[in-house]
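Trainee: Listed here are the chains, written in short residue letters.
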Amino acid sequence: MSQFNFVSDLQNALIMDGETRGPAPRWKKKLEASLNGSANTTRSVLSVSYNTSFSGVQPPTKTPGKSSSDAKKKSATTPSKTPGGGDRFIPNRAATNFDLAHFLVKKEAGENSDEENGQPKNGDNNVNNVQASAHKSERQKLIADAAQVGDSKGSRILCYQNKAPAAPESHTNPLKVVYSIKTPISTKSGTRYIPTTSERILDAPDFVNDYYLNLMDWSADNIVSVALGSCVYLWNAGSGNIEQLTEYEEGDYACSLSWIQDGQILAIGNSTGAVELWDCSKVKRLRVMDGHSARVGSLAWNSFLVSSGSRDGTIIHHDVRSREHKVSSLAGHTQEVCGLKWSTDFKYLASGGNDNLVNVWSLASNGVGTATEPLHKFTEHQAAVRALAWCPWQPNVLASGGGTADRCIKFWNVCNGSLIKSVDSKSQVCALLFSRNYKELISAHGFANNQLTIWKYPSMVKQSDLTGHTSRVLQMAMSPDGSTVISAGADETLRLWNCFAPDPLAAKKVASVNSKAKQSVFRQSIR
Amino acid sequence: MSTAQATKNCITLKGSAQIIVEYLNYGINSILFQRGIYPAENFDNTQQYGLTILMSKDPKIKEFLQNVLKQTEEWLAKNMINKISCVITNAHTKEVLECWDFKMQAEMGDGETNDPTKLTSSKDLTRIQNEIRDVMRQISATVSYLPLLDCICTFDVMIHTLQSTEIPTEWNETGAVFIPNAQAVQLRSFSTGLHKLDTVVNYKMSS
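Sequence order for the protein chains is B and W.
Just so we're aligned, residue 370 is where the first sequence starts under the numbering used here, counting upward by one.
Just so we're aligned, residue 64 is where the second sequence starts under the numbering used here, counting upward by one.
Mixed in with the good hints there might be a few duds.
Unchecked claim - Not the full set, but computed from the structure, chain W residues with beta-carbon under 10 Å of chain B:
id, residue
1, Ile-100
2, Ile-116
3, Phe-127
4, Ser-207
5, Leu-212
It is worth saying that the hints were derived from the structure and are not from the lab.
The structure displayed is predicted, hence computed values, not measured ones.
The C-beta atom is built at its ideal place from N, Cα and C for all residues, glycine as well.
Turn these sequences into a full structure, and let the hints steer you where they fit.
Mentor: See the structure below:
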């Protein structure tokens, strides 16, 4: 594409003071006409293509506008005074292909002398000629390598006459929601009062802003574990005591934290690919279970079984009681597994990965671990899936939320593998939780508002937006009584939201629901 | 002697062209959807490469792509294409906003013949499709860094062929497009054993 322009521009520039050529081809004229037709434009194009097209792969720079506009200035004949901002232009030598540029300039010279061949010539010229032709094939190869395609003369660009239609005039790009900052819409008042400000804010310095990690969990004993940088801390939500559980050595860090259903055992997945078990009442490491070749970014407990999902794409079930801890390994993902949840009745395991897949695994026939082939493979998400939640009152309903390119919360019936509902949340979905006290769902989001949104389920009517985080909300956990949600944001704060406080009038009803839920779990464990 | 082997798993030049055209069809449709060029309601889900890909339902777009890709396949089977560009332009100002380049490189395959028209590759189809799947995922992931196309857009497909190519009816020769102040990001490559395909997105930096 722009390589062609580059080459032809260069040729034009060099020929300008030489002999005059015939009129330019029609397409070239058209192109120039459409480009404001000024000499300046072609010039700037020349300098820009140096920076971009020949540099091969070039990740977007942080201040992209600057470097290239400066490059334009550089090519101007009379450099004006330094731009107001005082930014210096620092040429990126690594991105400029000097060999090629030098060759192209020399090649022109060589060709010109070729043309003069027919005319009377002197000795010097002849010598040049021999050299030029001797290196010609070599040079041709060089340019082909550098530009990937031959000279602009060597190829034709064809297009089909009947063009595809433009989008309808009424169309606005749906991605606008991803890019534009809107002030939060005044939230619809639901059927109950939900405090929209956080009850408490805790500092979380060095909280790792990584979408693929799960760095916080809240235990049944009311202890919040959180990984900050290379350390793991325990915060007692009842007393407010803080205790450091462990600190990793330089370079290593905790990637996922998960509490056992009941008790003080914390599983930590670390950056070396091991799963550690800690007894937090004694601040003592009980065992280390290896098996993964890359960091462990997600963990899920099912009584004595801990399932770990890793960057290597595998999920391993570890039996924490036995010496041979590895029960089975699941290879259903090709990229990092960043979401892992056992269903509330422990019959299914849901996993979400960076390969945009949601896999649902059913319990193995022997009751330990899961089958090695996924029961369902949901491919509908268009981005990494990290947010997973199982509905506490409908054990076969799974909610999943996709990343920036997707932004949808989808509900699945895992019995028959069908999509129940899909809602566009208009923002990256980082975490999902179902309330136990209400038939509601809370979702954590990133850009633009970094809010937590409470939805009525199954109608998915927005109940409330909880704003306060100044950067995306990475993780959520619920208190053991189900009344409070803690959210961890990339703004290095933990915020507590008292958003599911039971309604005193409905307390009776809730109590009966809870006891029912407990009963079913009990029945499950006997099986 | 090699017949038993050859029939087992063998991609010919024609087959390779088919695989690439199939990728181009899914890739371009995915670009049209992911970049929000056409309304999302004009797209339908399809399952391919183990992914859900959204394909345009618009009969005109479908027809356009079908015609373009039919010709592409023919040329590809003769190794006459250097590059295919999917160009996204502002429908009103005709300014080029984004350009997706699919660069072809012919490969020798691993068959036993030296006849350039009878090259074969024994690369496993599922392996090729897995490679394509990774590129497709990257295409949908570009949303997070490409600038917003906040205008009515249209797209065109330009095919860079050899100089010797005859221009078929209903086709035109055109000039190269370029994007001032452009950034290029190369996505993953895949190969059928006979064609190697690089996908590169060039986009205009927002000033």
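Trainee: Confirm or reject each hint.
Mentor: Evaluation of the provided hints:
1. Ile-100: 6 Å, holds
2. Ile-116: 9 Å, holds
3. Phe-127: 4 Å, holds
4. Ser-207: This hint holds: Ser-207 of chain W lies near chain B, its Cβ roughly 5 Å from the closest one there, short of 10 Å.
5. Leu-212: With Cβ-Cβ at 6 Å, under 10 Å, it holds.
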